[in-house]
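**Q** Residue numbers (my numbering), protein chains in the order written: chain A, 1 to 220; chain B, 221 to 455; chain C, 456 to 719.
Errors might be hidden in some of the hints.
Simulated DEER-style distance windows between Cβ atoms [claimed, not checked]:
(1) Leu51(A) with Ile355(B): 45 to 53 angstroms
(2) Thr271(B) with Glu600(C): 26 to 34 angstroms
(3) Leu51(A) with Arg546(C): 20 to 28 angstroms
(4) Phe39(A) with Arg582(C): 20 to 28 angstroms
(5) Tyr219(A) with Val467(C): 40 to 48 angstroms
To spell it out: a stretch of chain A is covered by chain C in this simulated footprint if at least three of its residues, at any positions, have a beta carbon under 8 angstroms from a beta carbon of chain C; those stretches are [to be verified]:
(6) 112–122
(7) 189–197
Here are the computed lysine to aspartate or glutamate pairs in the DMTMM-like style, where the Cα-Cα straight-line distance is at most 20 angstroms [to be verified]:
(8) Lys634(C) with Glu121(A)
(9) Lys209(A) with Glu289(B)
(10) Lys608(C) with Glu663(C)
(11) Lys608(C) with Glu640(C)
(12) Lys470(C) with Glu652(C)
(13) Lys485(C) with Glu524(C)
(14) Lys608(C) with Glu113(A)
(15) Lys716(C) with Glu699(C)
It should be emphasised that the hints constitute simulated quantities derived from the structure, not laboratory data. Think of the CB as a built atom: it goes at the ideal place given N, C-alpha and C, for glycine as much as any other residue.
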Amino acid sequence: MDAPWIRTVWRHRDVMWDGLVVTMQVTAIGFVGAVVLGFVLCLLVMYVKPLRWPARVLIEFFRATPIYVQLLWVNYVWPGVLGWPSSFFEAGCAALAVQSAGYLAETFRAGIEGISRGHVEAARAQGMSSLLVMRRIILPQAFHTMAPSIMNQFLVVIKSSTLVSVIAVPDLMYQALRLTAIWFEPIAILSCTALVYITVITCLSLVFKWYTDRLRERYL
Amino acid sequence: MLENLQQSLEAFDLALFWEYRAVLLPGLLYNFYVFFLTVGVAVGLGLVAATLRLSSNVVLRWIGTGYAELCRNTPEYITLIWIFYVPPLLLSAALDRNVSFSPLLAAVIALGLASSGYFTETFRAGISSVPRGHIEAARALGMSRSLTMWRIVLPQAVRHMLPEAMNQMVSLFKSTTLVSLIAVPDLLYQVSLVSNATSKGLPLYSGAALVYFLIIFGFATLAQRFSDPWRQRSR
Amino acid sequence: MSEVGVTSTGRVVVKVVDLHKYFGSLEVLKGVSLEVHQGDVLTLLGASGSGKTTLLRCINHLEQPNSGEIWVDARPMGFRIDAAGRRRRAREADVNALRMDIGMVFQQFNLWPHMTVLENIVEAPLRVRRWPRRDVHERAMALLEKVGLVDKKDQYPSRLSGGQQQRVAIARALAMQPKVMLFDEPTSSLDPELIGEVLGVMRALAEEGTTMIVVTHEIGFAREVSDRVIFLHNGLIEAQGTPEEVILNPTSERSRQFFSKILH
Ligand SMILES: Nc1ncnc2c1ncn2[C@@H]1O[C@H](COP(=O)(O)OP(=O)(O)OP(=O)(O)O)[C@@H](O)[C@H]1O
Ligand SMILES: [Mg+2]
């Protein structure tokens with residue numbers, strides 16, 4: 001008889017692979033959504049006086065709510081109130097986005113505020129428009145200081161994405177739990193799944209570390 | 221449209237939440253219970269691993285680093301499920317009798333392991349933030365190694381790492397919401413029970429989100445207040 | 456006001472009329488008027504806090520004056536006259552268009568740290584002026600040649616000394632081919648041994664006929680290079696004229712005190 005992990009994981013590697021693909025999709029969409037939403041919130045707080053307070057409240061709410069609570073809230077409450085999301089997949093992505101948007105908004109704000117006023121004035125003194133100053137001077141420079149936290153937030157999204165399995169999004173975790181229920185080989189299946197996650201996250205964090213070290217070396 | 225509005229109002233009708241306080245409140249207490257037990261485990265493991273990371277022995281250093289990275293790079297949910305199912309089976313096989321973990325035990329071990337990775341890093345950074353010169357000055361005055369640790373290194377290190385440690389406590393409290401996934405009867409678990417029984421999920425989930433938000437926001441704000449003066453003094 | 460000793464007869468490039476500027480309730484400029492002609496070098500002198508920086512920053516609208524007018528190259532800076540003849544605040548685009556013609560050099564250099572020396576110089580000509588890339592690069596190299604930093608073109612600013620950074624900042628401002636250059640204490644944050652190289656570049660610019668307004672504490676430089684000197688005191692022009700008149704033979708009591716401290 002085959003070893004348990006061959007019988008379960010290896011034989012169903014296509015299922016696991018499909019799960020991993022869904023994990024990557026949820027993570028990517030959630031993260032991009034978080035960056036966009038976080039940036040919008042950050043701009044509102046910094047530059048749009050009348051919307052400053054609503055934006056602040058949203059940021060604090062997103063930041064101070066556990067991801068799992070957020071996920072259930074988005075999944076159960078939003079469809080009734082907002083008429084969206086209409087699928088579990090969308091709900092999962094939305095919850096991940098909302099969760100990280102709060103953190104990223106704060107990261108962006110700190111990054112932008114960290115740019116010295118002189119650098120901005122030097123740009124304005126040459127006739128650059130506000131938009132150009134933001135795009136060419138503030139954001140690229142802020143990116144160097146923000147890169148570590150942004151990348152770290154990406155890893156957080158991957159880790160949090162395991163929770164979308166709870167609302168039946170068929171990600172890697174979901175498939176692992178399903179296979180475990182069918183075969184009852186938790187040792188093999190869960191350990192292999194953990195290994196996959198650990199490998200992916202560790203590799204990414206090594207790449208990110210290498211990249212931020214290189215950035216620092218180059219400009220400082 | 222009208223129906224939508226009605227649903228919206230219903231979603232935030234917190235009266236229902238209040239009505240079931242007799243089951244919900246004990247659930248919330250469970251969150252705190254898990255939290256305090258887990259802090260103990262996480263801080264203990266974190267201190268051990270930080271000591272390993274700061275050891276002069278290369279092998280020990282590697283073990284400390286590897287442990288911290290492993291803890292930090294594993295999603296908490298999988299740690300939780302893995303701890304709940306796998307070690308009991310392995311122990312059962314090894315001891316040749318039936319071993320199982322209660323959900324609470326599994327939750328505390330799993331969350332403790334997961335956060336100890338972050339605490340390790342914080343403790344290490346705190347201790348190595350103490351300038352070598354201070355240690356050398358103390359040793360030059362004839363202070364023993366342990367006296368130096370107690371009187372010179374730790375007071376400074378604690379100041380340095382307190383704000384970060386506070387943040388991690390806040391994260392840890394957030395993580396305690398995961399324990400409902402292995403049937404520890406915390407607030408979210410009770411909410412799902414009540415919502416299944418009454419089929420009125422909306423206000424219950426909104427209420428839970430609000431309660432967690434208030435607790436965590438309050439906690440984080442307090443932590444900030446509390447650690448700001450420390451941060452300044454350590455400069 | 457006496458115009459004695461003003462040698463230049465060129466077109467007026469910068470004209471400031473009765474400028475007032477408050478920070479909260481503090482009146483920093485209390486009605487300053489001046490004219491700078493093409494090819495002129497005007498030096499602003501005055502004690503710390505007398506409003507020199509504020510005046511320069513008003514000229515390119517980094518600060519908004521509370522009243523008074525500024526004209527650059529006969530165009531209004533920061534305001535416009537609408538059809539009914541009323542004074543209105545200028546549109547951002549108009550301010551920006553005028554700023555292209557005003558070069559500014561800051562005390563703290565303010566080079567953009569994420570761009571190389573060459574990228575710093577070509578940024579605004581390419582994206583604000585929208586000049587063709589080839590011309591811009593050619594001119595940038597010529598400017599680097601002029602400030603003696605051709606070999607540093609691909610370095611990031613953090614690798615340069617203060618004097619080198621300030622020379623790049625001057626080249627960056629010149630690359631827009633401005634009609635007037637504003638210098639705000641360009642040598643004040645430099646180590647003494649690096650001041651000479653920056654003053655050298657500025658002296659060369661003056662000799663080429665660049666129109667310049669310079670705030671500096673380098674009295675020697677002011678004496679040799681400026682066509683006119685203005686002495687500011689508490690937000691008012693206390694004295695103005697040729698360097699000889701203002702610096703060597705001060706008439707007012709305050710300027711006498713100020714220059715006797717500096718010269719002796
Ligand atoms: N942004 C500001 N807000 C409030 N007050 C300001 C601001 N900028 C300048 N001031 C005040 O305006 C006055 C004039 O400042 P300014 O920088 O123009 O002087 P200065 O002549 O350039 O002095 P220095 O030789 O020290 O550079 C000072 O009293 C200063 O404190
Ligand atoms: Mg000044």
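**Q** Now tell me, hint by hint, if it's right for this structure.
**A** Here is how each hint holds up against the structure:
Between leucine 51(A) and isoleucine 355(B), the C-beta spacing of about 52 angstroms keeps the proposed range 45 to 53 angstroms intact. Taking the beta carbon of each, threonine 271(B) and glutamate 600(C) are about 60 angstroms apart, not inside 26 to 34 angstroms as hinted. A beta carbon spacing of about 24 angstroms between leucine 51(A) and arginine 546(C) agrees with the range 20 to 28 angstroms that was offered as a hint. In this structure, phenylalanine 39(A) and arginine 582(C) meet the distance hint of 20 to 28 angstroms, their C-beta atoms being roughly 22 angstroms apart.
Roughly 43 angstroms separates the CB atoms of tyrosine 219(A) and valine 467(C), a value that falls within the hinted 40 to 48 angstroms. Restraint check on the region 112–122 of chain A versus chain C: 5 residues with Cβ-Cβ distances below 8 angstroms, three needed, restraint holds. Counting residues of the region 189–197 of chain A whose CB falls under 8 angstroms from any CB of chain C gives 0; the rule of at least 3 is not met. A C-alpha spacing of about 19 angstroms is found between lysine 634(C) and glutamate 121(A), which places the hinted pair at or below 20 angstroms, so the restraint holds.
Note on lysine 209(A) and glutamate 289(B): the hinted pairing holds, with a Cα-Cα distance of about 13 angstroms set against a maximum of 20 angstroms. Restraint check for lysine 608(C) and glutamate 663(C): the C-alpha separation of about 24 angstroms exceeds 20 angstroms, so the hint is violated. Straight-line distance between C-alpha atoms of lysine 608(C) and glutamate 640(C) comes to about 25 angstroms, which puts the hinted pair past the 20 angstroms bound. A threshold of 20 angstroms between alpha carbons decides the hint, and for lysine 470(C) with glutamate 652(C) the separation of about 30 angstroms lies outside it, so the pair is violated.
Taking the CA atoms of lysine 485(C) and glutamate 524(C), the gap is about 13 angstroms. The hint holds against a cut of 20 angstroms. With a C-alpha separation of about 29 angstroms, the suggested pairing of lysine 608(C) with glutamate 113(A) is violated against the 20 angstroms cut-off. Taken as a hint, the lysine 716(C) and glutamate 699(C) pair is honoured in the structure, with Cα atoms around 17 angstroms apart against an allowance of 20 angstroms.
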